[in-house]
Amino acid sequence: MALSETIVRWRYRAIPDHLLGEVLAKRWIDNAIPLLILVAVAATFGALIPGFFGMSSIANLMRQWGEFSLLVMALMIVMVAGGIDLSVGSTFALGNIVALTLMTVAGLPWPLVVVLTMACGAAVGLVNGLLVGYLRLRAFLTTLVTLIIVRAIVDMLLLKYSVAIASSFIDADAWYFLGEGTVFGVPFSVWLAAIVAVVIHIVFSRTRPGWAVLATGGSRRSAHNVGIPVRRVICMTYVTSGALCALSGVLFASRLGGAGADTGVGLEIAALTAAVLGGNSLGGGRGSAAKAVIGSVTVMILVNSLVRLGVNSGANSLLLGLVLLGAVAIDVRWLKNRHKLLSKVYVAPTYARLPAAPATTAPSPYAVNDRLNGVELIGLGEIDGPEDVILDADDNLYAGNRVGDIIRFFAPDYTRQEVFAHVGGRPLGMAFDREGSLLVCIGGMGLYAVSKAGEVRKLTDETNRSLLSVIDDSRLRLADDLDIAPDGRVFFSEATTRYEMHEWPVDSLESRGNGRIICHDPATGTTRTVLKHLVFPNGICMAHDGESFYFAETWACRISRYWFAGPRSGEVEVVIPDLPGYPDNINRASDGTYWLALVGMRTPTMDLALRRPGFRKRMARRIAFDEWLYPNINTGCVIRFDDTGRVVETLWDRKGDNHPMITSMREHKGHLYIGGISNNRIGRLKLDGMDAVWTGPAAYWGSK
Amino acid sequence: MKLLKTLAMGAALTAGAGAATAQGIDDPTRAEYYDAFKGKTVAYVPVAMGFDLTEGWAMGLRDALEPLGVTFDIRDPNWNTAAGAQAITSLIDEKPDVIVVHNPDVQSYARLLKKAEDAGIYVVQVNMRSSYSTSAFIGADYVGMGEAIGQRLVDLCSPSNGASGKVAITQGVLTAAASAYQMKGINNVLEKHPEIQLVSNQAADWDSTKARNIAATVIQQHPDLCAITGFWDVMDVGTAAAIKDSGKDVYLLTQGGGNQSACDGLENGTYDEVVVYNVPGQARDMANMIKQLMQLNPEPGSMKTTLFTQLEFLTKDNMKPGSCWSLPGQ
Chain A
1 MALSETIVRW
11 RYRAIPDHLL
21 GEVLAKRWID
31 NAIPLLILVA
41 VAATFGALIP
51 GFFGMSSIAN
61 LMRQWGEFSL
71 LVMALMIVMV
81 AGGIDLSVGS
91 TFALGNIVAL
101 TLMTVAGLPW
111 PLVVVLTMAC
121 GAAVGLVNGL
131 LVGYLRLRAF
141 LTTLVTLIIV
151 RAIVDMLLLK
161 YSVAIASSFI
171 DADAWYFLGE
181 GTVFGVPFSV
191 WLAAIVAVVI
201 HIVFSRTRPG
211 WAVLATGGSR
221 RSAHNVGIPV
231 RRVICMTYVT
241 SGALCALSGV
251 LFASRLGGAG
261 ADTGVGLEIA
271 ALTAAVLGGN
281 SLGGGRGSAA
291 KAVIGSVTVM
301 ILVNSLVRLG
311 VNSGANSLLL
321 GLVLLGAVAI
331 DVRWLKNRHK
341 LLSKVYVAPT
351 YARLPAAPAT
361 TAPSPYAVND
371 RLNGVELIGL
381 GEIDGPEDVI
391 LDADDNLYAG
401 NRVGDIIRFF
411 APDYTRQEVF
421 AHVGGRPLGM
431 AFDREGSLLV
441 CIGGMGLYAV
451 SKAGEVRKLT
461 DETNRSLLSV
471 IDDSRLRLAD
481 DLDIAPDGRV
491 FFSEATTRYE
501 MHEWPVDSLE
511 SRGNGRIICH
521 DPATGTTRTV
531 LKHLVFPNGI
541 CMAHDGESFY
551 FAETWACRIS
561 RYWFAGPRSG
571 EVEVVIPDLP
581 GYPDNINRAS
591 DGTYWLALVG
601 MRTPTMDLAL
611 RRPGFRKRMA
621 RRIAFDEWLY
631 PNINTGCVIR
641 FDDTGRVVET
651 LWDRKGDNHP
661 MITSMREHKG
671 HLYIGGISNN
681 RIGRLKLDGM
691 DAVWTGPAAY
701 WGSK
Chain B
1 MKLLKTLAMG
11 AALTAGAGAA
21 TAQGIDDPTR
31 AEYYDAFKGK
41 TVAYVPVAMG
51 FDLTEGWAMG
61 LRDALEPLGV
71 TFDIRDPNWN
81 TAAGAQAITS
91 LIDEKPDVIV
101 VHNPDVQSYA
111 RLLKKAEDAG
121 IYVVQVNMRS
131 SYSTSAFIGA
141 DYVGMGEAIG
151 QRLVDLCSPS
161 NGASGKVAIT
171 QGVLTAAASA
181 YQMKGINNVL
191 EKHPEIQLVS
201 NQAADWDSTK
211 ARNIAATVIQ
221 QHPDLCAITG
231 FWDVMDVGTA
241 AAIKDSGKDV
251 YLLTQGGGNQ
261 SACDGLENGT
271 YDEVVVYNVP
281 GQARDMANMI
291 KQLMQLNPEP
301 GSMKTTLFTQ
311 LEFLTKDNMK
321 PGSCWSLPGQ
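Residue numbers (the working numbering), protein chains in the order written: chain A, 1 to 704; chain B, 1 to 330.
Be careful, since some hints might not be right.
Claimed, not checked - Derived pair list, reagent style DSS-like, types lysine-lysine, alpha-carbon separation capped at 27 Å:
| # | chain 1 | residue 1 | chain 2 | residue 2 |
| --- | --- | --- | --- | --- |
| 1 | B | K95 | A | K160 |
| 2 | B | K248 | A | K160 |
| 3 | B | K40 | B | K115 |
| 4 | B | K114 | B | K248 |
| 5 | B | K40 | A | K160 |
Stated by the list, open to error - Incomplete in silico selection of chain B near chain A, CB under 8 Å:
| # | residue |
| --- | --- |
| 6 | E55 |
| 7 | A58 |
| 8 | M59 |
| 9 | R62 |
| 10 | R75 |
| 11 | N80 |
| 12 | A85 |
| 13 | T89 |
| 14 | D97 |
| 15 | T175 |
Everything labelled a hint here was simulated from the structure, so no lab data went into it. For every residue, glycine included, the Cβ atom is placed at its ideal position computed from N, Cα and C.
Given these sequences and hints, build the entire structure.
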């Protein structure tokens, strides 16, 4: 191996390229950048301001955060539904002056004051909501106008009541508790904000109204089409926003009690900065209470620290403006480019060097022939994509199809068929258990059992989560083939944890060990991953010794044997390291050997590409998906190998009339039944010299 | 021999006496005085920096205190009451020895100032007081000033003097001490003079643009307006502009810290009369109060002093060189 290739090999072994794409694909990545900014801001000002992390400083920050975060959450709710509410600052000021007027001039009891003030805020929200939601005016301009109108109302109230407010004293401890009180050492306003945040989180993540808001913001038209009352939803977000702003104003009134003209001036910019900085999208559909909290804490620290640092007049607003600009830029660029970036970096090919491919000309055991010429065809044009085929003790033939059915062809002539069961996903590998139930791996769904009566039952769709895996590998994405050990344990392969069922060809481009073999024990109901880092593990077949199974790794072009019991328990041995093609399902043959389907044959170009991960990466980034270089899966064959891995025979369909690509085959009573995942027929080939009474179920579970 | 001895003694005594006169006497309070300021901190929270009053006070305080080793720290809320409240709340945690507060209104900081005193911090309020009284207040007697201004309006505009009797008032922030107390004073006088008609009484929130709009509207509604009194000369630049635009002869009586810009305004006719509370004087008063507090160390809040600043009614005629003061570089 050339030095340069060794370097490439070690580079791809040392640097886990695929993690970048997996991290970017996580939902929490949306929160990661705001959180990083928060940490950076806290670290910066923590270093600049002595005693920044002191208890009293934190308590002080928290008290102000309580009021501010309510405003940010109010704005966030509107933003999630795709709108914007610039009137938050004015509504906050209105809440402040209304609460103070009701307390002092009207002399109402404080609980009534809180309720009436919130109702007043909700009324402002209702005006916004009616205009934006029902009359469909532009949210930006409408709320800008409400900002001015509400501010004018505040000014008028100030003119009338401010001197009266300033000259009176409120004698109610409970009232001051709202703004100044603490519960377990934490300010009341923080508790209130935290409760509101939790409620908003639950509403957005767990309830129908919350989903309706998110859906409306995500796509107004689609939301309308699925029957969400879009106008009412939008209107209600403004009402909620108004009520929350007024509540925040109440807290402010209680804390300072001042009817100043500058109350809430410019607050909408601070709130908007916080909301966007937290990662709530200006375009709607993307936002959460957590994002609002992160953003509000960041802006709170920024503003407060600058005042504490004693920077000059205006610098505060200037910085806030710059931060908002940066946040909006990040928001826009991020939203626009995240998927682009993800699609560019998610495919992360690695170095793979396959052993030299054996010849397919005589005297090689793989030599091309026409032995599949004599197949009889079953269900021609009636079955769509039988990935696996299997026969029961009564000779009936079962095969999955593309639309999520398991089709049963009735013996003896297989001309009649019925839908044995509708499983909903793509049925892949199949096996009969001791009781005669059909166990099926369903792509995208997991491992299912179909009883003799055709009842579908889920066995498992999850396994243990790997500690260090970035993507959540507890879910089964592509359960592929299975076989059942004599003790009833089911071993099944999951071809890849990085791609969905329909993207399986993309996994070939990576040629990394993305797959695994999982064991499900029906006795205990537990599912555990047995073998990891396999290169597209595919077919699984129990060896005749009952202690081990063979498994195929498609993109690695090899067959290995794994012992799950007996003296060699836990060992993996490569049986055939250098197949000329890509192996798929493995099944037992009547004479103690094993049938293996090769779904496609290797090509020198693909073999070379596997040694050039940089080339494949560039290809994945620069050219269209359907122009990528893929492994050849247009020509395949069936081979038979023995326990030692020696290839006994090979069956080809040279002309490719019936079976150019083969994913599965079963021997049954002297015949071989052949399936292909993109074929429209099942082949039945008479085998010479094989046991004419041997059946799979009998070989596994004995004859009844 | 004896004579010699006597002479020698005399010489020695004389020499000793000479040495004694060269030594002098140490001021017994000097060390204590300087020790009282070592490591002390004074924090200053104006409504905003960047205009004559707050800059003038800051300059005066810094000049008086920093040479003594006092750290002088400015927190600038920039016209934002909530930010100011934050600043004071932060300061309560940081525990400077003195907080100098310029209240945006009488209510907002009141409870915080009490908390600051409870936390052992002296609070000195300047020019605009809070409803809560602290260790010291230095500033104009706004009620008295209002009464004086009211009387001036009566003198100027009384129909008995041939004027229309119509006057307008442009306040600052309504709840600011300068507005609320002063209105009380003006009302005290105008109540007794029904012949004076108050045609407009509005708040411009210390903003010259608002003041200009208010004045322009009032003059349109009342072309025979006799006088406008505004509560701050910086804000009343707008009022003056409106009067100038209207081409009417409206007497503008304003007030302020007596910065050179006020004298310039009188000189060029922007203002007709300015009531001046002397900012450098106020700064000196504050510095002296702070020095006294630091030396006496009374329990914060136990001693409450009010020092009203002397007022001066400046017009173009009585103005002298030196009537106004300047900031460096002005």
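Each hint, compared with the structure:
1. B/K95 - A/K160: violated (38 Å)
2. B/K248 - A/K160: Since the Cα atoms of B/K248 and A/K160 sit roughly 30 Å apart, the hinted pair is violated (cutoff 27 Å).
3. B/K40 - B/K115: Distance of about 20 Å is within 27 Å: holds.
4. B/K114 - B/K248: Distance of about 48 Å is beyond 27 Å: violated.
5. B/K40 - A/K160: Given pair B/K40, A/K160 is violated - Cα atoms ~44 Å apart, limit 27 Å.
6. E55: violated (10 Å)
7. A58: violated (11 Å)
8. M59: violated (15 Å)
9. R62: violated (13 Å)
10. R75: The hint holds - B/R75 has a Cβ within 8 Å of chain A, the shortest such distance being about 5 Å.
11. N80: holds (6 Å)
12. A85: holds (5 Å)
13. T89: Check passed: Cβ of B/T89 comes within 5 Å of chain A, closer than 8 Å.
14. D97: violated (16 Å)
15. T175: holds (4 Å)
The structure shown violates the earlier hints numbered 1, 2, 4, 5, 6, 7, 8, 9, 14.
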